[in-house]
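Peer 1: So the protein lines, in turn, are chains F, P, C and A.
Using this note's numbering, read the first sequence as starting at 663 and increasing by one per residue.
Using this note's numbering, read the second sequence as starting at 1478 and increasing by one per residue.
Using this note's numbering, read the third sequence as starting at 11 and increasing by one per residue.
Using this note's numbering, read the fourth sequence as starting at 7 and increasing by one per residue.
Honestly, the hints are just simulated from the structure, not real lab data.
For glycine and all other residues, C-beta sits at the position ideal for the given N, C-alpha and C.
Any given hint could be a false lead.
Claimed, not checked - The calculated lysine-lysine pairs, modelled on DSS-like cross-linking and capped at a C-alpha distance of 30 Å, are:
| hint | chain 1 | residue 1 | chain 2 | residue 2 |
| --- | --- | --- | --- | --- |
| 1 | C | LYS195 | P | LYS1721 |
| 2 | C | LYS280 | P | LYS1721 |
| 3 | C | LYS280 | P | LYS1643 |
| 4 | F | LYS665 | C | LYS263 |
| 5 | F | LYS770 | A | LYS511 |
| 6 | C | LYS263 | P | LYS1732 |
| 7 | P | LYS1721 | C | LYS178 |
| 8 | C | LYS254 | P | LYS1593 |
| 9 | P | LYS1706 | C | LYS280 |
| 10 | F | LYS737 | P | LYS1706 |
What the hints assert, rightly or not - Partial pick of chain F residues on the chain A-facing surface, computed with a CB cut under 8 Å:
| hint | residue |
| --- | --- |
| 11 | ILE698 |
| 12 | ILE700 |
| 13 | CYS744 |
| 14 | LYS746 |
| 15 | ASN756 |
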Amino acid sequence: MDKFGFTLVKGRRIDYDSNDRSIAEYVSAHEPSFRICIECGCCSAACTTGNFTQFSLREIQILLKRGENDGVRDKIKKCMLCGKCTLVCPRGVNTRNVILLIQEAFRKNIKNAV
Amino acid sequence: MGRRVVVIGGGVAGMEAAGQLARRGCNVTVFEKETETGGHVKNWFHLFPDRKDSRDVLRYLGNKINHNNITLFTGIAVEGIRPSNGSFSVFTGDGNEITADAVVVATGFDLFRSEKKEEYGYGIYENVITSADLERMFRKDQIRMHDGSIPGKIGLVHCVGSRDEKAGNLYCSKLCCVTAVKQAMEIAEHLEDAKVFCFYMDMRMGGAMYEELYREAQENYGIGFIRGKVSEVAQNIDNKLIVKVEDTLTGRPLKMEIDLLVLMAGMEMSEGGKKIAQSAGLDTGENRFFKPADLHFASNESNIKGVFYAGTCTMPMNITEAISHARAAAADVMDYLDKQKN
Amino acid sequence: MIEEGKKRVWSDYQKEIPDDHYFYVRSCIRQSFFPGSEQFFLRFMRDILGKDFFENPSHTTCTGIGYHADVVPFQTIQTVVARHFALMKESGYKNIAISCVTSFGIYTEIIETWKHFPQELEKVREFLYKATGREFDVPENMAHTSDIIYKFRDEIAAKAKNLLINKKTGEPLNIVEHIGCHYAKMFPKYGVGGAEFPRVLSGMIEAWGGKVIDYPERRHCCGFGFRQYLVQANRGYSLSNTIKKFSSMQPYKPDMVLTNCPGCTMLMDKWQYTMKEMENVVYGENGESIPVLTYEELAGLVLGYNPWDLGLQYHMVQSEPLLRKLGIEYDPDDKYKTSDGRQMPIPENMINV
Amino acid sequence: MQFDPFVIPFNIGLYFILIYAVVRSVRWFSNLSRPDKLRLQRGFFGSAFGRSLKEIFMESLIHRKILKANFRLGYMHMSLAFGWFLLILFGTIEADIFGTRHLNPPYKAIFFKFFNPDHGRTGFEAVYSFLMDLILAFILSGLILAVIKRFSSKVVGMKKTTKLKLPDKIALTSLWLIFPSRLIAESLTSGVYGTGSFLTGSLGSVLASFLPANQLAYPFWWLYSLSLGTFFLLLPVTRYMHIPTELFLIFARNSGIRTGDQSGAFTEIQTYSCSSCGICIDACQLNFSTGITNIQSAYLMKGIRNNEDVNDIAFNCLMCGRCDRYCPVGIELTPIRMIRRRAESVEPPEKSLWSRYFPDLIKIVNTRSNGHPAFSWLPQIKTEATEVLYYAGCMTHLTPAIKKAMIRILDASGMNYRFLDEAGGVCCGRPLMLAGKDKEARELINFNSGLIRDSGARILVTSCPICYKVFRESYYLEVELMHHTQFIKMLIDEDMLRLRFLRKKVVYHAPCDLGRGSGIYDEPKDVLRHVARLQPTGFDDDDSLCCGGSLGNTRISYRQKNKIAADAASALTKGNPEILATACPLCKKTFTTVTDTRVADIAEIVAEAIAPNPPELKKHVVKELYREPADMI
């Protein structure tokens, strides 16, 4: 509504408790290495897709862990699955399976499935 | 006699130094201000990184200090040291004076008084506790909220009183990160259904097996790690704590309800140590800890010849380091006494 | 909530508030938005308590709003404030009483600047002298007028005609206290009780029989934020802050909000209308909005003053529901009458009538 | 009229299975695509028919491949299959010669002894009986091995054997009972009549000496017939369906039918042709390096047959192709797995008895997709005209030494080239295909195809076998595609690259996608022999191991991959080579972390061997030779 010449700005705050983290839980249950990410960003730095567009697996996984799923839904489709991230990950996260599971969870519309 | 040594403090470093000196034939007097020896370790349940029971360490130290050459005074604090004719007069809180050829200062550390981080509401919100409070709960095997109910969501705040100019401490206490990880895992073990979160600025897991512990906490215990220092804590109408933090990895502020918040209090120069420093003219650093004569090769020596430092009175240390430091102090004392003789 | 813990914090932030002899500086916007407040304060101090409050008619705005809106440079505002100090010096006063939290913040910021950068002080002395020929001293003591009411809260309680109790139920009223950000967040030592758990308003509420509400967003800004509010296109940010704050206090069912800052009072009062219009939300009970009062107005009600003399009718959110709870008698017909009994026009779009 | 009621179960079973086989065959045939139908028709009347008969004899009866791979296991299969075949063949002849009349119904041959108990006392009859006993003994020797294998698979040289379902168990039991019951029935009858040769005769006289053989013989003839009948009746719903199916498969394959990338009748035929022999389990590195024993192709085939959810099985595979290489039936296991990966996991439907005998056609629907548009962000890149186009591939960017070596080689060759993905390229699409996302892969393929086409290049060189395979199979390019090992080989052959001999002991690891995946074995070895001393490893050519780093497997953990890599590396470096050479950036990167031996791509070794100052080369090339590309990592 623009009655007063301005509109309400939506807050940026992550409301952890009211967010839905089913997607992250689904991925974590099927690929436990999802849990051991230390946010170093190697995956994003090596990423073939990230070379051309805003795509960061590091960001995607943290958003899911916080339940900010909407920001991931479309982004996750950009991945080409080339696998460079898997090779550079210092913790040995099975990144390709993480991405496939995220895509699968969105496709299946996972909610409180785990 | 020429081999009279006073050890100030009966914690880890004091006990280890006293034991080493006694075995080398010194006549050692230990003053401990509390009624029992053992320092902070006796308030701790399990120790990182191997989850050893703290009582094992106390037993080891107890054996060390149980020596014919050692006289132990508990419940007596040392107030000052004064050099006199190549030896020292050590003044105690109960008005006595004792002469020593060398002094080992092992006054240890105090935990940061978490009340000073007002925004966390320690002492105001019932369910904000410190890492030391939590260890007591572990010992009782009862992790409970103030009203006696079992907490479902527990947060651990790293760097409380460390790396914080506003709290007066620029330095890193270096052990709080690993303590938090250890405690998070222990909570998860005690309370199966609990969700545990660590709020950290950096994960400083520099010691042996620390990083492995961190990984285990992530992988097998499902501990959540949120990078960002808690900025403020409030309470809502259901008496739940509301924690505000920036999730710096998403670049967005985050709000979370928490049942029990544990503050990982940092390490500070002890009050007793400050008093001695002032009265004896011992140098202290910008961090208020005793300032060793040299950080590289004289970390046990003070600015007064014959007065030595052992353990966490010089900087935050873990038990391993404190024991090593105490042994080095004992070696320095022996060296000094031998030279004095000749 | 452990009250003992709060008392311990308060004991760390004890502020010296002089007993008497103040040089009084007014707020720009309070005089137009809540004209009864300053009027009541001076009358109460001078007539009831017999204190010495001096006002110099040539004192001006502190230019704080301009400063925070980036239109007044720091050196300019320092010189304006220095002029007030000069006026104070010329009148022979050493204690300053400031009615506005923005001004209070400006004064503390400037004085702290001078402490840390004495060369700034010397520069300002030169500016003021060159511009006006005046000289000044830094005040010995600086109090916000809410500090002063806080200091005399027990005297007020002793003279109270109405305590902050719901007359019908006998329960204390739930009162939200809101402290202006610039009161103590920048320099906690200048505020009674510090920045995290300020005591200045909660002390008044408790002394007068009310119950203080500590809600999650208690520390949050009202949303005014100067740049945010003053530029119309930015007001969306401002409003979302206000909504966050009100949603947080709503579960506690507050009977009123007490503030000590002119901007907060204005915003939290008038924006309940905006929120109702834009988002169709009210935060009080029974579809009502929550009255927002200044501490002087509340003190006046406690002392039994006529609500219309205190100027409650000039608020956006009308106070009748609160007055009814307090059991305060009022004449609805007198609401918009001048002191000599002439009828004034009745505003439209009022809330809670 | 020689007839007894006990032959009824056998007759029912036999006629049922014959009719059933015809029905299924007709159904499969009608479901083949038109070109495949034509192929089969042409094959039936052409040389394929003869080839097929030979193959059926060699593989389905003799089990030549299994014999070669594992003699005891092969013998077991051979004795059962070939022995039974001989028993039927010679039984029929026996019935024809010695029976009351010619051209008997089959049961006469099978139960010849019952109807002719007096037969075989003397002369030729006795010799023939001896032959029949010999065949039976041959079968029984295999049967004993089979029974032992069921309980201890190590005896036949197998580490693992497949697990069974209930109908399989019943069928297995009846199969096991067929020959012992025949033995006992014949022996008892022989005992009564004093006939029979060394086996049935001897056993018969022993049994008759203390048992009422006369009364016991008849029930055992019943048991024999019932076992046969049960086995035939259950055959279509058990793994023994592979016996008739394999015949069809051999014909189809010899007629030129291949799996391709679509599911259809041929996929179904192959799926039913799997005998669950378990050789794929033994060949699988996931089995012998990481102990994962429930995802191998035999289980995939079984799962697909039974319409189970095989999603986890399908993705837990390195796609190295070793099982294809060792499968005695020659099933194209990896292509079938690729097809299955494109389908979502499915709920197994409730199955009626009818649907088990006449299952729906296996039609794996391609459902796995990102949704559209996935890659609208693909960059606008303009390619410049060139002769040789070099596409390093994503993985090569993580092994800058290979990139650097290739640039050095390309520079030294003096050819006009462009580095297509110098600033990072778009993925070739194969990783997406391996994940079952063909639609998305097609977007990348189209994009890259455009770039390659625009360059007008004559030769496309890639360093990555993953890219090479997809370029070869799924791109439609008018360019000569070369893996860099082929390219280097060409340069050497054309004398465009002068190399020193390095006197180093090297072993070559053939990358899966280059070797088994694309059939390139010789060029890499030729190049290596040209510059170094190449030694055999015991895992050469199509026996090559997978490095474990495969993008094909999304299920195993990093540590499991590492274990596979470590095992493979230690097997390859047993002879203490100086260099473990490979031709794949992913293999190189995977091996580097697990072995102390130097791991190098062939390109690196070749770059090292480039003669320092070759006088023959043109001047501008010499100048360019030591040019270091500015943006090398």
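Peer 1: What are the numbers of the hints the structure violates, in ascending order?
Peer 2: 3, 5, 7, 9, 11 and 12
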